[in-house]
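Chains as they are written, first to last, in our numbering: chain A, 583 to 930; chain B, 583 to 930; chain C, 583 to 930.
Mixed in with the good hints, there may be bad ones.
No copy labels: a pair is met if it fits in one copy or bridges any two.
[Unchecked claim] Simulated crosslink set (DSS-like; lysine-lysine; CA at most 27 Å straight-line):
1) 784 - 918
2) 930 - 642
3) 930 - 910
4) 910 - 785
5) 642 - 666
6) 872 - 930
7) 666 - 930
8) 930 - 918
9) 666 - 633
10) 910 - 666
11) 633 - 930
Bear in mind the hints are in silico, worked out from the structure with no lab data behind them.
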Amino acid sequence: MTIAFTFAEILALVAPERSLGCMGEAPMEITGIAALDQAGPRDLTFLGNRKYTAQVPGTKACIVLLPLDYDGVPRDGQVFLFVKDPSHALARLCAQTEARLWPRPSPGIHPTAIIAPGARLGANLHVGPYCVIGENAVLGDGCILEAFNHIGREAKLGADNWLKPRATVGEYCETGARVKLQVGALVGGDGFGWEMAGGAYKKIPQIGTVVLEDDVEVGANSTIDRARFSTTRIGEGTKIDNLVQIGHNCLVGRHCILVSQSGLAGSTVLEDYVALAGQAGLAGHLRIGKGAQIGAQCGVMSDIPAGAVVLDSPALPVKTAFRLMALKQRLPELFKRVGNLEAHLGLK
Amino acid sequence: MTIAFTFAEILALVAPERSLGCMGEAPMEITGIAALDQAGPRDLTFLGNRKYTAQVPGTKACIVLLPLDYDGVPRDGQVFLFVKDPSHALARLCAQTEARLWPRPSPGIHPTAIIAPGARLGANLHVGPYCVIGENAVLGDGCILEAFNHIGREAKLGADNWLKPRATVGEYCETGARVKLQVGALVGGDGFGWEMAGGAYKKIPQIGTVVLEDDVEVGANSTIDRARFSTTRIGEGTKIDNLVQIGHNCLVGRHCILVSQSGLAGSTVLEDYVALAGQAGLAGHLRIGKGAQIGAQCGVMSDIPAGAVVLDSPALPVKTAFRLMALKQRLPELFKRVGNLEAHLGLK
Amino acid sequence: MTIAFTFAEILALVAPERSLGCMGEAPMEITGIAALDQAGPRDLTFLGNRKYTAQVPGTKACIVLLPLDYDGVPRDGQVFLFVKDPSHALARLCAQTEARLWPRPSPGIHPTAIIAPGARLGANLHVGPYCVIGENAVLGDGCILEAFNHIGREAKLGADNWLKPRATVGEYCETGARVKLQVGALVGGDGFGWEMAGGAYKKIPQIGTVVLEDDVEVGANSTIDRARFSTTRIGEGTKIDNLVQIGHNCLVGRHCILVSQSGLAGSTVLEDYVALAGQAGLAGHLRIGKGAQIGAQCGVMSDIPAGAVVLDSPALPVKTAFRLMALKQRLPELFKRVGNLEAHLGLK
């Protein structure tokens, strides 16, 4: 773990209803959180799921978060803390750790930040070293730009955005509130539109923008292209992992999740609550219905109805895909059976 | 859209042969371009394809570009502009918009640019904030380096290159004229060559370069590795999308197109006019013939003849691939039919 | 090639046992290394593999490295250098070229580097322009940070790390000795962990770190996420190519190789000496046994035993995969044969 806690801090955060055991006299710190069977003597662990109950007596952790009805005693130098919901108690500890890992930087503009004329800066901003803000760009209240961020001319960030180093927002693009851009993420790259003319590709100008709605997160080194015209849009609450590509004019709904290395070609529409697993690829101009789940490495070449779960390339309903995978593996048997039939009939 | 146009500006750019309708008294601006069925009351739209003619009467756009022979009348507050070719008229408007979206920055070297001794800078350069130019690097006339660009020692950029923020050109690499590198693109990364020796990987030095010929474009966060020796080469007019990987010693021909997340392993040759769709992957040391088209997510493990269109992993001619996909889906039926035959003959 | 050598330099590096031929009077330089059939008149070439012996007489190279027993004579203006092992002689030449291509920069801290209070800097460091080092970060002796590097608070780099431009190490992450991070590589991005709560994704804090052991290399624009808690770990000597994704809590063993655009979902374990080919994707929570080889575009959805070689999506043993690929291509024939059987029996 990234941060050490003293026993007193843990007690304050966990607020156990009772405890058992004693950690000895030395002033104690835990320096990690780990699963029951992986924890070492300076780690805290927890029983989050009853099926691991048998692992509690063997854990080496010095502190164990347990449900109120757990029946057992700690080893020497180990403390049991009993709480209503060990997972919730752990979550409080993790949230506190996260706040220490990435404390909110104090407001201020680093002297190396270059801010063009006409940029409008909200209150309580943190703009770190070597950021470049273009003309007439707008940064909402409470935004954090860590370092090396480039905000294009006329771009407009909502309140409380957090941009990790090197995240970039292109000209005229807009973000809602609480948007988070991970390291190297690009919002508003040029669209990839070409037409062949006289033996060479000629650029189709890409003059639209990208809009990220509230609470969108874009992963490290992912790229979201601006629209040919109008808008590439990512709906409220959608979370995008690392190295994902979103083509021009895609419309991604609310509360979607796009796992690493997945990609959307141009103009594809994801309705709300769609999930793309890792390395899934979708052709352009498709519509993926609400809540559809697209499996890992899936190749989608046609529309998918709401709620469907698909797999394979090209994509098939998951049940069909699994059935066909099983039958494919029985092809050697099938060839043999057909050969036997032919032999039986003297046909070969 | 990223830029507003007044009605007078649109008239000047579109140069209609005649018009119909009236937008009312207020000084008017359009602020978007959109398809007939998606346009709002401040958008301009166009009839680019006759098959959408029926959508014209219902469009909400305030300006509609129409072919000369279109027969109909505008709504109140709507204007029809009649031109020979609505798509061409739109293209002029888009090109003008693009020039406003990304105006050519004025020449000059930002005071924070760090330029090593021996670097030779052409005329009319724009070098933006926080660029780093290595020793003896050459920047051709008219190059634009927007920000955070790193040009390695002895690298040589041709005239009128445009590097978006963070684009990087490695040591000794060369580009032709009018090359465009999108955000975070890397030209001339280290090649990935290793040999196993004594239980550990030992680096095979990668001492070649990358050459991009005229009018090449490299997408955001894409990576092109330098050759083991001699040259990784991207031919004239080839366009590379985002998150594409080009391995060491690849020779990509002229006017190829490589769509997002596709990848080439080392030493593969693409002849001219090859197209790779999204997430296609090619093994090393292959030759892909002129004009071949490699489908999305295709896995290519052997040479592909000129003009071939392939799909699937491993790649098959597209007609074969589609036929096999169809037959694969009929496997349950085939198993049943074989079972019936066996039953009929009392074999099972 | 990136560097010219004089004939005298080549002789010194190659140390031939004998030579044949004469390059004429002019002071001579070679400016490239190339294969026998590709070399031009200013290139050096070599006979590394006996199967290319027939190409020696036709090569245009001015210098040819040959095994001691090669029987032949050079053309006019060509020199044969006879050595015990031409490949080893070439390797010395390449290593020397690499040292010229990427000479070790001299120690020193560029005045534009921003170093936070509490950072501890080792001896003989090179910190280039526009680097940002966080509070209490530690840089081991001999580290090279080329430019635009961001080292997070409390991160700790071992000795002799080499960070190419824009490589980034997140807060609290740690590296061993001789780690190399290519351009734009990210070590210690936020993990991608979410739980759906009340119709929206809620972040699961990712409070662990990343540890890279000695001699790890991470490719350009690749991303390695920090652990949910505890550690995402990359074992000693493992080499990672460009655009690779490593999810939170993965444990990658020693001397693994991960080729470009491959990806690991969270918590997957690679034992030592595992190889992932390009675009391979592995689901989460898997264990891949020692020395297993995962083929290109392979989709791995379950554990793989040590030493296995797998292909296809979902992954199958390579022999099975090839057999099934062959049978799949014979499906049209099989359908026909079953039809014939049915016709023969009057069943259809």
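Evaluation of the provided hints:
In this homomeric assembly, residue 784 and residue 918 never come within 27 Å of each other (Cα to Cα): the closest approach is 55 Å inside a single copy and 48 Å across copies. With identical chains, the CA atoms of residue 930 and residue 642 are never at most 27 Å apart, being 68 Å at best within one copy and 58 Å at best between copies. Taking the shortest Cα distances, residue 930 and residue 910 sit within 27 Å of each other both inside one copy (24 Å) and across copies (21 Å). Neither within a single protomer nor between protomers do residue 910 and residue 785 lie at most 27 Å apart by alpha-carbon distance, with minima of 44 Å and 40 Å respectively.
When the C-alpha separation of residue 642 and residue 666 is checked against a cutoff of 27 Å, the pair qualifies only within one copy, where the shortest distance is 22 Å, while the shortest distance between copies is 58 Å. Neither within a single protomer nor between protomers do residue 872 and residue 930 lie at most 27 Å apart by alpha-carbon distance, with minima of 53 Å and 43 Å respectively. Taking the shortest alpha-carbon separations for residue 666 and residue 930, neither the intra-copy value of 72 Å nor the inter-copy value of 59 Å comes in at or below 27 Å. When the C-alpha separation of residue 930 and residue 918 is checked against a cutoff of 27 Å, the pair qualifies both within a copy, at 13 Å, and between copies, at 14 Å.
For the identical chains of this complex, residue 666 and residue 633 are intra-copy neighbours only, at 17 Å inside a copy versus 65 Å across copies, given an alpha-carbon limit of 27 Å. Proximity of residue 910 and residue 666 under a CA criterion of 27 Å is satisfied in neither setting, with 49 Å inside one chain copy and 52 Å between copies. In this homomeric assembly, residue 633 and residue 930 never come within 27 Å of each other (Cα to Cα): the closest approach is 57 Å inside a single copy and 44 Å across copies.
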